[in-house]
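S.K.: Position chains B and C relative to chain A; hints supplied.
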Amino acid sequence: MRYNSSEILAVVTDSERMVGNISSTSFDNVATLEEANQFSLIWIKPNKKNKEEIINNSIATVIVCDDSVAVEQINLLNKCLVICQNPKLIFIRIASHFFSQKFDFGIHSTAFVNKKAIVDPETYIGPNTYIGISKVGKGTIIHGNCFIYDNVEIGNNVVIHAGTVIGSDGFGYSRNEIGELEKFPHFGGVIIEDFVEVGSNTSIDRGSLGNTIIKEGAKIDNLVHIAHNVIVGKSCLVIANSMIGGSTIIDDFSWIAPSASILNQVKIGKNVTVGMGAVVTKSIPDGETWTGVPAKPMQEFLEIQKKIKALSK
Amino acid sequence: MRYNSSEILAVVTDSERMVGNISSTSFDNVATLEEANQFSLIWIKPNKKNKEEIINNSIATVIVCDDSVAVEQINLLNKCLVICQNPKLIFIRIASHFFSQKFDFGIHSTAFVNKKAIVDPETYIGPNTYIGISKVGKGTIIHGNCFIYDNVEIGNNVVIHAGTVIGSDGFGYSRNEIGELEKFPHFGGVIIEDFVEVGSNTSIDRGSLGNTIIKEGAKIDNLVHIAHNVIVGKSCLVIANSMIGGSTIIDDFSWIAPSASILNQVKIGKNVTVGMGAVVTKSIPDGETWTGVPAKPMQEFLEIQKKIKALSK
Amino acid sequence: MRYNSSEILAVVTDSERMVGNISSTSFDNVATLEEANQFSLIWIKPNKKNKEEIINNSIATVIVCDDSVAVEQINLLNKCLVICQNPKLIFIRIASHFFSQKFDFGIHSTAFVNKKAIVDPETYIGPNTYIGISKVGKGTIIHGNCFIYDNVEIGNNVVIHAGTVIGSDGFGYSRNEIGELEKFPHFGGVIIEDFVEVGSNTSIDRGSLGNTIIKEGAKIDNLVHIAHNVIVGKSCLVIANSMIGGSTIIDDFSWIAPSASILNQVKIGKNVTVGMGAVVTKSIPDGETWTGVPAKPMQEFLEIQKKIKALSK
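Protein chains in written order, with our numbering: chain A, 949 to 1261; chain B, 949 to 1261; chain C, 949 to 1261.
Bound-form chain A, shown alone:
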């Protein structure tokens, strides 16, 4: 579907401004700079050099850029600019407004919902997904081949991608007198708060005593393991192939890079960044960036890398 550029005016706020040929240009797709055609909406990274030249050379119609662009150097005959401070964010908002896939709510014919489950009518439950004795909130989308055990509470506007398992028994054993493993029984559940997104093939275990909790707006990627009784804070990002050990707490706004592993029973502070492949064996204070195996504060890690590099010469 093709939209007139002026329709974007309804989406932008006072912090953004539109210039150029707004009234007689139109767009019907979003694209990268490289793949854009004459009906594309694109964005330009603020750190690019010669943005004016790039914009003049592009045939895209609508270009979202930052306010360092010298507008007077742009030929605005056949294009328009959306000028703002954070072009990626504003591009996201415009693109989502015009092109996001709308889901028809409903339960797919091959899905199976336990009779005792409480599922809001305005949800989408995908093919071959199973919902146990659990709750699913309004506006929530659970894609196909997911398995939601009993005792899981999923909030509103949550998205869960295919193949994800939520609420399986956590992994807790005690060796008995003869070395055999006896299992710690799991009586807790899982709470997934509003606006959480969970990727595909991820596993979130139920609490043993008490709950595993993913707080509002947190985003969990694909193939992530969240053990029993973990708490993931608000708007945290836990990226692909990460492993969060049992009873560990991650405070709000933290960023766990791909393939990181975090020991059980530690406390990761607010606004913490954990590096890719880091093996975290201790608690991390608020605001710090740690990486390495075992993980250390970034400054110390870099210092060690420098010294090690010097060693090898």
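Hints may be right or wrong, so weigh each one.
Since copy identity is lost for identical chains, a pair holds within one copy or between any two.
Said to hold, decoys possible - Each computed DMTMM-like pair below joins lysine to aspartate or glutamate, with the alpha-carbon atoms no more than 25 Å apart:
1) Lys1086 <-> Glu1070
2) Lys1182 <-> Glu1125
3) Lys1215 <-> Glu982
4) Lys1254 <-> Glu1236
5) Lys1086 <-> Glu983
6) Lys1064 <-> Asp1052
7) Lys1218 <-> Asp1015
To be clear, the hints were calculated from the coordinates, so they are not data collected in a lab.
M.R.: Same frame as chain A, but now just chains B and C:
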């Protein structure tokens, strides 16, 4: 359901003793110390300080603790203690006895079992699970969305969590004259012995020639990769996101921490501990603890960490 | 089914030769050297010592070996040899010819294919697999419990193992003014070219703008994460539990070892080898081998290991 504390007497053995108000107290839930109410069964970690004070301050009814607790300092009017050497283990036994979920055996209406499969009538096969030309033993629970290929032999009292795949082709290729990959055909199977537990979204490949074997009582966590022809020994623990390379053998009672990777064709001894995130590239003798990238004996690893730390100052 | 050894003559090419009792021996299984019986087809690794003794002691009927074997020392009364340069490869070809499982094409009764999907009639779609508005080519096998979203193009002769998810939304967010995460919309798709194989429980995300591409003959193992807009080159191997970050390009014939992590937006050259558990944070030139955390060229890695080892003494 609420139980009189005296009913616990039927579960405890000669190694444990119960003291306090056994006859007129009762419990209906298990909880953590922090979340207990006046009908809770809880346990106290032996390494806590001031256990007597903790116990006196708790409103829990039944408290499992170790024998270092000074019983004469406890107010036993409204509570009773189960005193033993390993409180976690005894708590597990009591909690499991009274509160474990009982599964009704049967095959879910959405499961699909191949006509040539041999499935004991006393098993539970969950929603959307597929069983190929394979065997499933008595008392075994296979949760939903699992996929069991042909040629898999699953023993008695096994538990397999949702989304797990057992018996897919292993990954073995040979480059031909022009660099293309030709696949090593897989004719083997998988043997899962009695009392094994497998987590969710785990992948266990079939043997190429010969079988992949998970021995009695071993516990495999979520998102673990077990390659073709691996042997996991009795009562081993292989924790989340670990990767065990092809034809590697792990001997009995070993402990593979989360996110560890073990090269193909190595031999991990008995009672070995592999640390979190370790990258194991060699065989490990019985009883040793290895960690790091590449993994080394713990003593050497700690020594190196100390020296590296000194370097950076 | 049992075959006369002479039937192998139809499979071998001019580069191989068969000697021994070809006419009156027969075989009905493939096996390892250790588990062979008198109807087995086996192969011998070229780097074994005393191959002549090993072959004479084996009761296997057909033995594929390299041309360093002194044929005059072998008792060929009841056996025959296939002599070649690459015994593993020739064994693969013979074993595949006689024993590979043939799939009956068709869509399993429990699979669900979107009406707008374009699926070649000569494909196999397994139990509980879902195919969205996507294409599936001729000779392709998609095992059970897979989930193929919309906008995925799967070529000919592709194999996808159980539980794999292809085409879910990639993971891209931008923090807004108040720290909340807003999602980068995903409009791209996934292209899986001919002769690709994908393991079980793997996740391949769709492109955000533009496509994620797995090129001809590439092999992806179990539990691998392929992020949005990744390109995996021809005949590459990406082994279990690996993580490939968004927009990263891996050129042809490269080998990514298990549990490796590769940062987003880097470029891995042709014929590159990335070691097990490596954490790759930079682009790697053609032909190099990198390993470690963070990954470095192998020579540098080994030098550092040596120096670190010396330190600890």
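S.K.: Please go over all the hints and tell whether each is borne out by the structure.
M.R.: Results for each hint:
Proximity of Lys1086 and Glu1070 under a CA criterion of 25 Å is satisfied intra-copy only: 5 Å inside one chain copy versus 39 Å between copies. Taking identical chains as interchangeable, the C-alpha atoms of Lys1182 and Glu1125 lie at most 25 Å apart only when they sit on different chains, with a minimum of 15 Å there against 42 Å within one chain. When the C-alpha separation of Lys1215 and Glu982 is checked against a cutoff of 25 Å, the pair qualifies only between copies, where the shortest distance is 17 Å, while the shortest distance within a copy is 43 Å. Within a single copy, Lys1254 and Glu1236 get their C-alpha atoms as close as 20 Å, and across copies as close as 22 Å, so both meet the 25 Å cut-off.
Taking CA atoms no more than 25 Å apart as the test, Lys1086 paired with Glu983 passes in neither setting, with 37 Å inside one copy and 30 Å between copies. Proximity of Lys1064 and Asp1052 under a CA criterion of 25 Å is satisfied in both settings, with 23 Å inside one chain copy and 17 Å between copies. Taking the shortest alpha-carbon separations for Lys1218 and Asp1015, neither the intra-copy value of 31 Å nor the inter-copy value of 40 Å comes in at or below 25 Å.
Checked against the numbered hints listed earlier, the structure breaks hints 5, 7; every other hint is satisfied.
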